[in-house]
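Generate the whole structure from the sequences, applying the supplied hints.
Residues in the sequence shown are numbered from 0 upward in steps of one, following numbering that gives the first Met the number 0.
Careful, some of the hints might be misleading.
Stated by the list, open to error - Quick list of in silico lysine-lysine cross-link-like pairs, PhoX-like style, CA-CA up to 20 Å:
| hint | residue 1 | residue 2 |
| --- | --- | --- |
| 1 | 184 | 231 |
| 2 | 160 | 184 |
| 3 | 175 | 219 |
| 4 | 175 | 42 |
| 5 | 160 | 219 |
FYI, nobody ran anything at the bench for these hints, they're computed from the structure.
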Amino acid sequence: MDTTTLDQCLLWGHIRGVGLRVAQGSEVRIIGGRFIGAIDPYKAIGSGNVGVLLTGNNGGVHIIGTDIIGWETCLQIGEPGGPSNREIFITHATFDSSKHGVRQIDNAYTSIAGCWSASSDEDQILMEDTAEGAIMSVAGGTIFNGGAYGRPGAHNGMVVKAGSFTLSGVSIRNNKGTGLLVGEKARGYTVTGCRIHDNGTGAVLNGSDYAVTGCVFGGKQRHLIDQGTGNKSVTANVVPA
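The structure is reproduced here in structure tokens:
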């Protein structure tokens with residue numbers, strides 16, 4: 000697949016499989032539209048279905064202003080054991096009312112600008128432990144409302160099991176689990192200028208070689224738990240006593 004555009008497409012209903020499967024290629028653009036995987040996603044979502052699946056070996060994939068809602072996984076980047084995608088660009092898209100909002104399995108570079116990932120049962124953004132070579136950049140927007148519907152799950156905000164990431168100017172809020180949960184296989188990450196408040200736990204840091212600076216924590220939560228190793232800088236944050 001090369002130089003393909005889907006413009007203002009509507010996909011809606013009780014979908015058991017994959018809404019849009021993108022095979023190998025480059026320059027794929029999904030512009031606007033809605034991909035809704037359940038009749039009423041606020042009451043129930045499907046089991047095992049995926050809104051958009053990037054199977055592997057894709058580059059130049061752009062998702063712009065698209066609403067993806069009511070799936071087990073709204074956007075899945077990569078497949079277990081498959082080839083990695085290359086670069087993914089997500090701009091002002093919305094991922095909502097799912098089990099997983101954005102789930103990255105492979106080692107692609109993923110850029111999210113103006114993030115909206117909300118109301119998931121497990122996590123709004125997940126980098127799996129197979130994503131050791133991945134780099135994710137999230138600039139602006141919000142990661143919030145994990146566990147909104149009271150369905151079973153961890154109700155976390157962003158979970159990074161492996162890989163590297165940057166968070167800048169993001170509001171992580173009102174997740175019943177942990178707002179930002181970083182695992183031991185993460186490395187070389189930065190969190191700057193974020194507002195992390197009213198989660199079950201604010202941020203739990205593991206991994207190595209990271210900086211968390213200039214963030215504001217708030218609410219009655221446990222705010223900041225730093226358990227990482229190696230070179231690190233956790234400074235100039237506003238953490239209530």
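So, against the hints stated earlier in the document, which numbers end up violated here? Violated hint: only 5; rest satisfied.
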